[in-house]
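**Student:** Chains as they are written, first to last, in my numbering: chain A, 61 to 531; chain B, 61 to 531.
Note that these hints are calculated values from the structure, not bench results.
Mixed in with the good hints there might be a few duds.
Pairs count within a copy or across copies, as identical chains cannot be separated in the list.
Once the Cα atoms are required to be at most 30 Å apart in a straight line, the calculated DSSO-like pairs of lysine-lysine come out as [to be verified]: (1) K523 <-> K92; (2) K248 <-> K523; (3) K233 <-> K204; (4) K129 <-> K301; (5) K204 <-> K248; (6) K247 <-> K161; (7) K161 <-> K129; (8) K247 <-> K129; (9) K233 <-> K248; (10) K92 <-> K161; (11) K444 <-> K395.
There are 2 protein chains.
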Amino acid sequence: MKHPLLAIALGSLVFLSACDKAEQTFTQDEIKTAETLRDNALNENVAYELLESLTTEIGPRMVGSENEKRSIAWAIDKFETLGFDKVYTEPVTVPRWLRGKAEASIISPYPQPMHITSLGHSVGTPDGGIEAEVIHFATLDDLKNAPEGAADGKIVFISNRMERAQNGSGYGKAVPARSTGAVEAAKKGAIAIIIRSIGTDNHRVPHTGMMRYADDVTRIPAAALSNPDADVMERQFERGKPVTVALNMENSFDGEFITQNVIGEITGSETPEEIVIIGGHLDSWDLGTGAIDDGAGVSITMAVGKMIADLPNAPRRTIRVIAFAAEEIGLFGGKAYMEQHRDNLDNLIIGAESDFGADRIYAFATNVREQALPAMAEIAAVLKPLGIEHTGNEAGGGPDISPLRAIGMPVANLYQDGTRYFDLHHTADDTLDKVDPEQLTQNVAAYVAFTYLMAQHQGKLSKIEATESQE
Amino acid sequence: MKHPLLAIALGSLVFLSACDKAEQTFTQDEIKTAETLRDNALNENVAYELLESLTTEIGPRMVGSENEKRSIAWAIDKFETLGFDKVYTEPVTVPRWLRGKAEASIISPYPQPMHITSLGHSVGTPDGGIEAEVIHFATLDDLKNAPEGAADGKIVFISNRMERAQNGSGYGKAVPARSTGAVEAAKKGAIAIIIRSIGTDNHRVPHTGMMRYADDVTRIPAAALSNPDADVMERQFERGKPVTVALNMENSFDGEFITQNVIGEITGSETPEEIVIIGGHLDSWDLGTGAIDDGAGVSITMAVGKMIADLPNAPRRTIRVIAFAAEEIGLFGGKAYMEQHRDNLDNLIIGAESDFGADRIYAFATNVREQALPAMAEIAAVLKPLGIEHTGNEAGGGPDISPLRAIGMPVANLYQDGTRYFDLHHTADDTLDKVDPEQLTQNVAAYVAFTYLMAQHQGKLSKIEATESQE
Numbered sequence: 061m062k063h064p065l066l067a068i069a070l071g072s073l074v075f076l077s078a079c080d081k082a083e084q085t086f087t088q089d090e091i092k093t094a095e096t097l098r099d100n101a102l103n104e105n106v107a108y109e110l111l112e113s114l115t116t117e118i119g120p121r122m123v124g125s126e127n128e129k130r131s132i133a134w135a136i137d138k139f140e141t142l143g144f145d146k147v148y149t150e151p152v153t154v155p156r157w158l159r160g161k162a163e164a165s166i167i168s169p170y171p172q173p174m175h176i177t178s179l180g181h182s183v184g185t186p187d188g189g190i191e192a193e194v195i196h197f198a199t200l201d202d203l204k205n206a207p208e209g210a211a212d213g214k215i216v217f218i219s220n221r222m223e224r225a226q227n228g229s230g231y232g233k234a235v236p237a238r239s240t241g242a243v244e245a246a247k248k249g250a251i252a253i254i255i256r257s258i259g260t261d262n263h264r265v266p267h268t269g270m271m272r273y274a275d276d277v278t279r280i281p282a283a284a285l286s287n288p289d290a291d292v293m294e295r296q297f298e299r300g301k302p303v304t305v306a307l308n309m310e311n312s313f314d315g316e317f318i319t320q321n322v323i324g325e326i327t328g329s330e331t332p333e334e335i336v337i338i339g340g341h342l343d344s345w346d347l348g349t350g351a352i353d354d355g356a357g358v359s360i361t362m363a364v365g366k367m368i369a370d371l372p373n374a375p376r377r378t379i380r381v382i383a384f385a386a387e388e389i390g391l392f393g394g395k396a397y398m399e400q401h402r403d404n405l406d407n408l409i410i411g412a413e414s415d416f417g418a419d420r421i422y423a424f425a426t427n428v429r430e431q432a433l434p435a436m437a438e439i440a441a442v443l444k445p446l447g448i449e450h451t452g453n454e455a456g457g458g459p460d461i462s463p464l465r466a467i468g469m470p471v472a473n474l475y476q477d478g479t480r481y482f483d484l485h486h487t488a489d490d491t492l493d494k495v496d497p498e499q500l501t502q503n504v505a506a507y508v509a510f511t512y513l514m515a516q517h518q519g520k521l522s523k524i525e526a527t528e529s530q531e
Numbered sequence: 061m062k063h064p065l066l067a068i069a070l071g072s073l074v075f076l077s078a079c080d081k082a083e084q085t086f087t088q089d090e091i092k093t094a095e096t097l098r099d100n101a102l103n104e105n106v107a108y109e110l111l112e113s114l115t116t117e118i119g120p121r122m123v124g125s126e127n128e129k130r131s132i133a134w135a136i137d138k139f140e141t142l143g144f145d146k147v148y149t150e151p152v153t154v155p156r157w158l159r160g161k162a163e164a165s166i167i168s169p170y171p172q173p174m175h176i177t178s179l180g181h182s183v184g185t186p187d188g189g190i191e192a193e194v195i196h197f198a199t200l201d202d203l204k205n206a207p208e209g210a211a212d213g214k215i216v217f218i219s220n221r222m223e224r225a226q227n228g229s230g231y232g233k234a235v236p237a238r239s240t241g242a243v244e245a246a247k248k249g250a251i252a253i254i255i256r257s258i259g260t261d262n263h264r265v266p267h268t269g270m271m272r273y274a275d276d277v278t279r280i281p282a283a284a285l286s287n288p289d290a291d292v293m294e295r296q297f298e299r300g301k302p303v304t305v306a307l308n309m310e311n312s313f314d315g316e317f318i319t320q321n322v323i324g325e326i327t328g329s330e331t332p333e334e335i336v337i338i339g340g341h342l343d344s345w346d347l348g349t350g351a352i353d354d355g356a357g358v359s360i361t362m363a364v365g366k367m368i369a370d371l372p373n374a375p376r377r378t379i380r381v382i383a384f385a386a387e388e389i390g391l392f393g394g395k396a397y398m399e400q401h402r403d404n405l406d407n408l409i410i411g412a413e414s415d416f417g418a419d420r421i422y423a424f425a426t427n428v429r430e431q432a433l434p435a436m437a438e439i440a441a442v443l444k445p446l447g448i449e450h451t452g453n454e455a456g457g458g459p460d461i462s463p464l465r466a467i468g469m470p471v472a473n474l475y476q477d478g479t480r481y482f483d484l485h486h487t488a489d490d491t492l493d494k495v496d497p498e499q500l501t502q503n504v505a506a507y508v509a510f511t512y513l514m515a516q517h518q519g520k521l522s523k524i525e526a527t528e529s530q531e
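Generate the whole structure from the sequences, applying the supplied hints.
**Tutor:** See below:
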């Protein structure tokens with residue numbers, strides 16, 4: 061919420077414009093249709109049925125797994141059954157990483173078994189595992205600031221705790237320990253790194269997630285302890301005695317293979333070449349069943365497409381729902397999509413990905429040129445009865461959308477309440493029971509109103525400023 | 061709460077007796093000391109420190125494990141350090157069951173890995189595991205009512221859900237599926253049984269717990285699915301297709317060995333031969349760290365002993381704090397204790413075990429002869445400011461106390477709020493973070509007032525009626 065005054069000004073504009081039809085971007089009929097879709101969505105069960113199907117009939121959808129392959133067939137079938145008039149896939153080349161076992165236990169001073177999981181793309185330990193003294197750092201910065209050789213021959217333990225926040229802001233602060241901890245630890249001589257899970261829960265379910273190596277730094281195994289296990293480790297350190305851990309991890313890479321973005325379209329009635337993109341990612345981590353991350357996003361946006369497909373007349377523009385591939389291991393689907401479609405950028409009107417669970421959407425933000433803001437305010441007014449505030453114009457669009465945003469595509473975000481998202485994120489606990497069916501319908505209601513109005517909207521949105529860095 | 065009118069009548073008696081000193085069992089000084097102990101306990105940290113120590117320095121304390129052995133040394137050391145004037149152990153002979161791996165996955169119609177744990181004392185599967193069709197029963201009764209041979213060559217799945225309740229009443233209703241499911245399933249021809257966990261949570265942490273075989277019925281492997289996994293299994297059954305599961309469990313027995321009840325005493329100043337028993341059980345399941353079950357009970361009652369040991373004068377009777385052995389696998393410590401002390405029954409005045417976590421105590425109940433009820437009401441009046449209601453005279457005393465109660469020892473219960481107890485019970489999630497330090501102090505406050513007054517109380521309590529069956 062960077063521009064509160066602007067938001068208030070826009071709110072007033074919408075209010076005034078009700079008395080002055082010439083100011084309106086959308087006709088009364090269009091607004092009425094959006095409102096009807098919104099209200100009907102609250103009584104629809106389609107998204108939940110899709111999510112129930114995906115988590116029951118497929119379950120975990122780890123890139124490169126048999127289940128991921130089955131999920132692609134599932135998505136094609138669902139798009140077709142739901143009435144999308146064009147269903148196809150586009151290739152995405154990805155590495156295949158194979159997770160083997162991950163076991164750890166404290167050997168001394170007080171032996172206890174630990175619950176641990178390998179971080180995504182981590183190497184394994186040498187055969188038979190390692191046993192070494194642990195060196196404890198409260199934060200990644202403390203590790204970076206340690207003297208050279210500080211961790212020689214040791215296992216680094218970083219215990220930073222992620223903070224809970226509605227907008228998930230604790231994640232960005234805590235996650236560098238996961239992403240770059242192995243590189244920083246290896247620079248100090250460490251032979252492995254274990255971190256406190258990047259998550260806000262206190263259950264015995266460690267959080268996986270991607271980590272990265274650097275070309276010129278030794279690749280060491282990287283894993284996450286569940287938060288109660290990290291507590292035990294910290295408390296053992298408080299005793300002031302050396303802590304020794306046995307760690308055994310078996311991971312490997314098995315070349316590259318080709319997976320697919322799965323795409324369903326409702327073809328536009330007037331300017332079908334103009335595309336409104338919504339979607340989620342179809343792949344998930346292997347530990348859970350990918351309900352909140354991101355079966356929910358796929359199900360919400362598929363359900364939106366179905367509702368619009370069921371209208372007597374298709375909206376002007378084409379609605380393209382994308383079930384992105386291989387998001388978890390580094391936005392491979394989103395990046396491939398951008399490369400394959402950058403030449404058609406002018407026709408990609410706006411994009412919005414749902415990838416933050418399915419709790420109540422509380423905020424709507426955009427990233428468009430100033431001249432499009434009045435239209436966005438009219439959309440925001442339709443979302444407002446759902447309890448959604450219009451909060452500014454600096455949206456990111458979602459992970460798989462970010463490569464397109466980086467080259468100039470306008471984007472929007474419908475922000476889910478993320479208060480409990482990181483209790484579950486990347487854990488075995490990401491299962492259907494964590495999704496509240498009622499809040500899920502509110503998500504569909506918001507997305508369907510937004511999507512319909514953007515597909516009905518006339519006049520292109522100018523591209524936004526391209527950025528070098530991608531989300 | 062079987063006698064509400066009686067409870068009201070007793071309340072009035074206490075009120076009246078304030079004006080009529082002759083009616084009082086306890087002197088004003090004794091009540092004052094109990095109240096001071098109670099209030100001081102709310103500002104004491106000893107129980108939490110003990111529990112922190114036990115869960116950090118020992119952790120899981122499965123009968124027969126190295127950690128269990130260490131926990132006995134821990135308890136002896138703590139009793140001595142806390143100022144108990146007599147510390148000793150008594151032998152308990154138990155079987156040693158060794159848990160091996162337990163793996164399961166749905167093979168068809170929709171392959172998914174499952175989170176599962178062997179039930180206590182279950183046999184393993186044949187080497188390499190089994191793969192078989194699953195037959196689903198909603199309840200144990202449905203299984204019992206199935207025709208002979210109904211489960212021939214199949215794996216039985218019982219999906220009954222435990223209900224949440226403050227007093228834990230859902231447990232008794234749900235747990236027979238765990239205790240006797242294997243026998244009933246084998247009678248119908250099953251080759252294994254898997255049950256929905258007996259627990260109220262929705263996390264990927266299956267609940268273990270004891271099961272029993274019958275001498276004349278084939279012993280089949282028995283395991284529990286985590287509740288989200290049981291949900292998936294049920295939803296796959298709803299598709300109406302055959303469900304096949306692969307199950308691999310490796311468990312074994314390794315003879316018998318001798319473990320120890322660990323006992324600390326505050327010797328009575330006037331009638332040291334008369335004993336007030338409090339305690340908890342020191343062993344735990346191996347999956348968690350035994351914080352709520354039952355590190356809490358051991359810590360609460362040890363802290364009570366310390367507070368009373370710190371008084372300028374010991375109370376009249378001896379206070380005996382027992383850290384029972386091998387409760388989880390079938391009350392071995394409690395049964396051995398009863399056998400070893402039944403000849404001294406007349407001197408065992410009353411017993412109360414804390415074994416239901418450490419959330420707020422909300423009710424006080426006794427099981428004493430009628431003539432002792434006025435004294436119990438005076439104790440209840442001291443507990444009342446802690447928010448504890450006096451709820452009757454049909455207490456069980458706690459699992460390890462139940463063998464003594466069954467031969468006639470009077471007992472009491474200080475009932476903890478069990479609303480969330482079965483979210484954690486017998487799972488990997490039974491860890492220190494689940495204990496609220498503030499509620500823990502309320503537990504100590506209640507136990508110290510009760511224990512002090514019972515140790516100060518004059519005149520024996522008559523034995524209650526002996527029962528054949530034990531809890």
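**Student:** Confirm or reject each hint.
**Tutor:** Cross-check of the supplied hints:
For the identical chains of this complex, K523 and K92 are intra-copy neighbours only, at 28 Å inside a copy versus 79 Å across copies, given an alpha-carbon limit of 30 Å. Taking CA atoms no more than 30 Å apart as the test, K248 paired with K523 passes in neither setting, with 45 Å inside one copy and 69 Å between copies. For the identical chains of this complex, K233 and K204 are intra-copy neighbours only, at 15 Å inside a copy versus 55 Å across copies, given an alpha-carbon limit of 30 Å. In this assembly of identical chains, the alpha carbons of K129 and K301 lie at most 30 Å apart only when taken from different copies (21 Å versus 49 Å within one copy).
Taking identical chains as interchangeable, the C-alpha atoms of K204 and K248 lie at most 30 Å apart only when both belong to the same chain, with a minimum of 8 Å there against 63 Å between chains. For the homomeric pair K247 and K161, the shortest alpha-carbon distance inside one copy (26 Å) is at most 30 Å, but the shortest distance between copies (37 Å) is not. Proximity of K161 and K129 under a CA criterion of 30 Å is satisfied in both settings, with 22 Å inside one chain copy and 29 Å between copies. In this assembly of identical chains, K247 and K129 lie within 30 Å of each other by CA distance neither inside one copy nor across copies; the values are 38 Å within and 41 Å between.
Taking the shortest Cα distances, K233 and K248 sit within 30 Å of each other inside one copy (22 Å), while across copies they are farther apart (57 Å). In this homomeric assembly, K92 and K161 never come within 30 Å of each other (Cα to Cα): the closest approach is 55 Å inside a single copy and 60 Å across copies. Taking the shortest alpha-carbon separations for K444 and K395, neither the intra-copy value of 33 Å nor the inter-copy value of 65 Å comes in at or below 30 Å.
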